[in-house]
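Student: Spelled out, the chains give:
Protein chains: 2
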Amino acid sequence: MLRRDLLGGVATILPGAALAQATAPAAADGIVEKRVFEMASYATRGGATIPNLRVGYQTMGTLNPAGTNAVLVCHFFSGDSHAFGRYEAGGPAGYWDAIIGAGKAIDTNRYFVVSADCLVNVNVPNARTVTTGPATLNPATGKPWGMDFPVIAMRDFIEVQKALLDSLGVKKLHMVTGPSNGALQTVEWAAAYPNFIERCMPVIGGAEFDAWMIGWLNIWEAPIKLDPNWRNGDYYGAGREAPLRGLAEAWKIVTLHAMDRAALTAQGRKVVEGQNPARNINDQYAIEKWLDERGMARARTSDANSFIYMVRANQLFLNEYASYEAALARAPHRWLVIPSPNDHVFLPDAMREMVETLRRGGKAVQQAEVRGPLGHLNGVVGMAPLTEQIRAFINN
Amino acid sequence: MLRRDLLGGVATILPGAALAQATAPAAADGIVEKRVFEMASYATRGGATIPNLRVGYQTMGTLNPAGTNAVLVCHFFSGDSHAFGRYEAGGPAGYWDAIIGAGKAIDTNRYFVVSADCLVNVNVPNARTVTTGPATLNPATGKPWGMDFPVIAMRDFIEVQKALLDSLGVKKLHMVTGPSNGALQTVEWAAAYPNFIERCMPVIGGAEFDAWMIGWLNIWEAPIKLDPNWRNGDYYGAGREAPLRGLAEAWKIVTLHAMDRAALTAQGRKVVEGQNPARNINDQYAIEKWLDERGMARARTSDANSFIYMVRANQLFLNEYASYEAALARAPHRWLVIPSPNDHVFLPDAMREMVETLRRGGKAVQQAEVRGPLGHLNGVVGMAPLTEQIRAFINN
Numbered sequence: 016m017l018r019r020d021l022l023g024g025v026a027t028i029l030p031g032a033a034l035a036q037a038t039a040p041a042a043a044d045g046i047v048e049k050r051v052f053e054m055a056s057y058a059t060r061g062g063a064t065i066p067n068l069r070v071g072y073q074t075m076g077t078l079n080p081a082g083t084n085a086v087l088v089c090h091f092f093s094g095d096s097h098a099f100g101r102y103e104a105g106g107p108a109g110y111w112d113a114i115i116g117a118g119k120a121i122d123t124n125r126y127f128v129v130s131a132d133c134l135v136n137v138n139v140p141n142a143r144t145v146t147t148g149p150a151t152l153n154p155a156t157g158k159p160w161g162m163d164f165p166v167i168a169m170r171d172f173i174e175v176q177k178a179l180l181d182s183l184g185v186k187k188l189h190m191v192t193g194p195s196n197g198a199l200q201t202v203e204w205a206a207a208y209p210n211f212i213e214r215c216m217p218v219i220g221g222a223e224f225d226a227w228m229i230g231w232l233n234i235w236e237a238p239i240k241l242d243p244n245w246r247n248g249d250y251y252g253a254g255r256e257a258p259l260r261g262l263a264e265a266w267k268i269v270t271l272h273a274m275d276r277a278a279l280t281a282q283g284r285k286v287v288e289g290q291n292p293a294r295n296i297n298d299q300y301a302i303e304k305w306l307d308e309r310g311m312a313r314a315r316t317s318d319a320n321s322f323i324y325m326v327r328a329n330q331l332f333l334n335e336y337a338s339y340e341a342a343l344a345r346a347p348h349r350w351l352v353i354p355s356p357n358d359h360v361f362l363p364d365a366m367r368e369m370v371e372t373l374r375r376g377g378k379a380v381q382q383a384e385v386r387g388p389l390g391h392l393n394g395v396v397g398m399a400p401l402t403e404q405i406r407a408f409i410n411n
Numbered sequence: 016m017l018r019r020d021l022l023g024g025v026a027t028i029l030p031g032a033a034l035a036q037a038t039a040p041a042a043a044d045g046i047v048e049k050r051v052f053e054m055a056s057y058a059t060r061g062g063a064t065i066p067n068l069r070v071g072y073q074t075m076g077t078l079n080p081a082g083t084n085a086v087l088v089c090h091f092f093s094g095d096s097h098a099f100g101r102y103e104a105g106g107p108a109g110y111w112d113a114i115i116g117a118g119k120a121i122d123t124n125r126y127f128v129v130s131a132d133c134l135v136n137v138n139v140p141n142a143r144t145v146t147t148g149p150a151t152l153n154p155a156t157g158k159p160w161g162m163d164f165p166v167i168a169m170r171d172f173i174e175v176q177k178a179l180l181d182s183l184g185v186k187k188l189h190m191v192t193g194p195s196n197g198a199l200q201t202v203e204w205a206a207a208y209p210n211f212i213e214r215c216m217p218v219i220g221g222a223e224f225d226a227w228m229i230g231w232l233n234i235w236e237a238p239i240k241l242d243p244n245w246r247n248g249d250y251y252g253a254g255r256e257a258p259l260r261g262l263a264e265a266w267k268i269v270t271l272h273a274m275d276r277a278a279l280t281a282q283g284r285k286v287v288e289g290q291n292p293a294r295n296i297n298d299q300y301a302i303e304k305w306l307d308e309r310g311m312a313r314a315r316t317s318d319a320n321s322f323i324y325m326v327r328a329n330q331l332f333l334n335e336y337a338s339y340e341a342a343l344a345r346a347p348h349r350w351l352v353i354p355s356p357n358d359h360v361f362l363p364d365a366m367r368e369m370v371e372t373l374r375r376g377g378k379a380v381q382q383a384e385v386r387g388p389l390g391h392l393n394g395v396v397g398m399a400p401l402t403e404q405i406r407a408f409i410n411n
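Chains as they are written, first to last, in my numbering: chain R, 16 to 411; chain F, 16 to 411.
Identical copies look the same in the list; a pair holds intra-copy or inter-copy alike.
Okay, derived cross-link-like pairs now, DSSO-like style, lysine-lysine, Cα gap no bigger than 30 Å in a straight line:
1) K304 - K240
2) K187 - K378
3) K378 - K285
4) K186 - K378
5) K285 - K177
Simulated from the structure, these hints should not be mistaken for laboratory data. Predicted model only: the values in this text are computed from it and were never measured.
Generate coordinates for the entire structure from the input sequences, incorporating the hints supplied.
Tutor: In structure tokens, the structure reads:
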């Protein structure tokens, strides 16, 4: 959580698996169970083979006999399956708990909601996140894969989720949705399996991953590779230290990039208590110390190599299609696109182009905006006001 | 220069001392001479003393007998005094040569134009840049200052320029102007010496340096400190290597941050020739290789500690005033504020707030926009279309 004293009363957050608890409305009673989906072998889109693939997932609601009332929720870059519900009474709620649950916008009395941990999920140290990635033991060597893990594309996320949904008896997705990286998965799903999907609701993302986006994600990951403890990804095991400083810097960039200046206005130009940046070059402003601390806290709960693989999966968004336009032309008909007007990751003009591209392809596209001081993150923690628009889209 | 093959015909650039030559209109004939201004001792605003201060400067035009026709041009973060003219026939032109020179918007037939290298200028390896900063020899030790160099505030830039202008016989500035960091200096000048200034023209900057801005500049500098060669700034001298990898990453962030996706659209999703990012985790997209190469090229022509000191000088913008509003209330009356509408460093809404703050303070504020695909950098390389608006402001 972002300290309230820092942000002057703006209740806000760091991207993270359990970030919404402070801002979620009155808790749902829904307790969810984390389960594990396994595949003995998975062939990646890049032509490699991963034995013993495991990813975590959770569901809420009941699948109808026809298997047609499922809603798939895909998580953001730093998240996991915990989009809704609580793992125990009084525990933290999922990041979209405000809009998923009994009687909520995505009503679990009507829909069977599924969310899974992605491959190469960053939250390796979190015991509840189940993923397969560079930190996983390679059965062929008995050691963690490290940077020998196969490249994972966004499309691989979809293929594993498709196998999971098949195993659950889902015949059709009533809707696929998710924020940020989850919106990219929504679009990747739409291009890959248009006949399997009725509705798409990408939130704060889904626009073309062009050179600007590819470059920014390179910048996100770059500090990891500067950390001498990274050792080309070979930092697992006794006597070695993880590249926490580099990973912390990476999370600092993500943290600020995913916010907006409006969230920090109250913080202004405060300095760290007892320090004087005007006299001592190593003294800091409060925002610097806050970024350092939050970055390091997030580094301790994530894995550096997995961060690098997640970056690549994002860069490979729609990599199998001739163009963004060609990919979207394949997609299902019905869309609700939800940008954040002060988003500095997926820029408003890129989101407008996405809507125009969908419309040129003949799709029926509704739009809504998620607003608030948090920029990109509005789409993770500020969704409650969109309840009626989402309800109307999903129920009609 | 950004390679034209990469950007698909968008003639564009990296922030740098001599970046405008490819895009500047027909060259001025004006040859300028780089000179050196020296102070035996300078007392910083933070209370330290710097002996043997030296900064470079250049002028064009003739000061009138009253000393009232001077225009001061302050440079951007990575720039130096080379705003106009050429040091030799056929050499590169200054970054604002399109609007400064005989018959141009800032007409050197009428005005005496001055530009100086700032303290802690990053372009230490450039023989034409003359600065005093962490790479300078400390006379007390005979070694470079390193991180023992006193903190320099934006206000110190102004004090040294004021001493220079006094030495040249300037009695009043007809106008003070500059892009980005130069715009911050313009506003700092306005608050410090309102009666010395007739007109202020901040370009792509000058908005409040709030937590968002302080945080971003922390992120710019952070990779330097991750590089093991940085050694807390003690990397000068035989047998030591400069932290080029960290500095290159810092410049990569600045480079992308100072552009807009519109500049990179043509580059799209090209991969490095012969590489396959979908199969090999270390293979790259073309934009990544380009950022790496440009970052490293810029690192080789700059100094890492000076980058850190420049960051702090920016963070200390208007640090002596109770508030941004209080500082601007002191300023002279006449303003022409020129934001870039696709600027990702000084955001359009922050620039709007700046104009509103000036107007609340009773100032006469004109506005113009500098447009183009380059985002923030439009204000460095795209100023020619504003010639008539600038001319009208400066001549009336």
